[in-house]
Amino acid sequence: GAVVSQHPSWVICKSGTSVKIECRSLDFQATTMFWYRQFPKQSLMLMATSNEGSKATYEQGVEKDKFLINHASLTLSTLTVTSAHPEDSSFYICSAKSLSLNTEAFFGQGTRLTVV
Amino acid sequence: AQSVTQLGSHVSVSEGALVLLRCNYSSSVPPYLFWYVQYPNQGLQLLLKYTTGATLVKGINGFEAEFKKSETSFHLTKPSAHMSDAAEYFCAVSDRDDKIIFGKGTRLHILP
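For the record, the sequence lines run as chains F and P. The opening residue of the first sequence carries number 2 in my numbering; numbering runs sequentially from there. The opening residue of the second sequence carries number 595 in my numbering; numbering runs sequentially from there.
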């Protein structure tokens with residue numbers, strides 16, 4: 002199956018700094034990528050949807066200036082958490098879809114962010 | 595708007611027993627339905643999906659699910675549980691706008 006790789010798998014940062022998380026589709030072109038956030042023992046909450054070359058569409062309640070999403074190529078999307086605070090600590094997961102792969106979205110392995 | 599309800603945040607079954615994880619959905623259009631499994635600190639792995647056609651869907655690791663439109667359900671089953679099945683399971687729905695909406699998840703515990 003198609004592979005989506007996230008990097009880093011975990012990161013610890015100081016409060017007030019910014020952190021960038023990468024999501025790459027390794028063997029297919031991802032026309033659409035999604036970013037999710039998962040709090041401990043909870044479900045995945047969709048944060049935003051991004052299509053290559055266009056601005057991301059954010060879900061209600063998600064601060065677009067805090068969670069910057071870039072989808073500059075068909076194989077890479079990045080999520081930057083700006084001015085991180087401890088409440089931003091969470092598990093962030095991306096997924097990617099391709100028109101050629103029809104209905105299935107492929108998920109990255111997730112990034113554990115801890116803000117101290 | 596779409597939604598997914600998973601009944602039971604925790605389910606425990608004995609090794610070798612039947613696994614049944616319940617999922618009901620709400621969708622204004624014919625949905626795509628999914629079951630994903632998540633192991634600790636990992637991403638999601640697709641178990642199976644329903645799009646169109648046969649309502650009984652077989653997936654990986656011996657799991658299967660049946661789409662019942664009249665009951666708006668998509669319950670996940672496995673005839674015989676293995677210890678390796680212990681994980682978090684998510685039911686999800688998509689109405690083809692590319693967004694996947696997840697249920698709250700059910701943690702499956704396997705008792706020896």
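Bear in mind the hints are in silico, worked out from the structure with no lab data behind them. If you're wondering where the values come from, they're calculated on a predicted model, not measured in any experiment. One should not assume that every hint holds.
[As the list claims (entries may be wrong)] As a list, the in silico DMTMM-like pairs of lysine to aspartate or glutamate whose alpha-carbon atoms are at most 20 angstroms apart: (1) P:K643 to F:E60; (2) P:K693 to F:E64; (3) F:K56 to P:D692.
[Stated by the list, open to error] Covered by chain P, according to a simulated footprint, are these stretches of chain F (three or more residues, beta-carbon under 8 angstroms): (4) 88-99; (5) 108-116.
From the three backbone atoms N, C-alpha and C, an ideal C-beta is built for every residue, glycine too.
> Out of the numbered hints, which ones does the structure contradict?
Replying inline: The structure breaks only hint 1.
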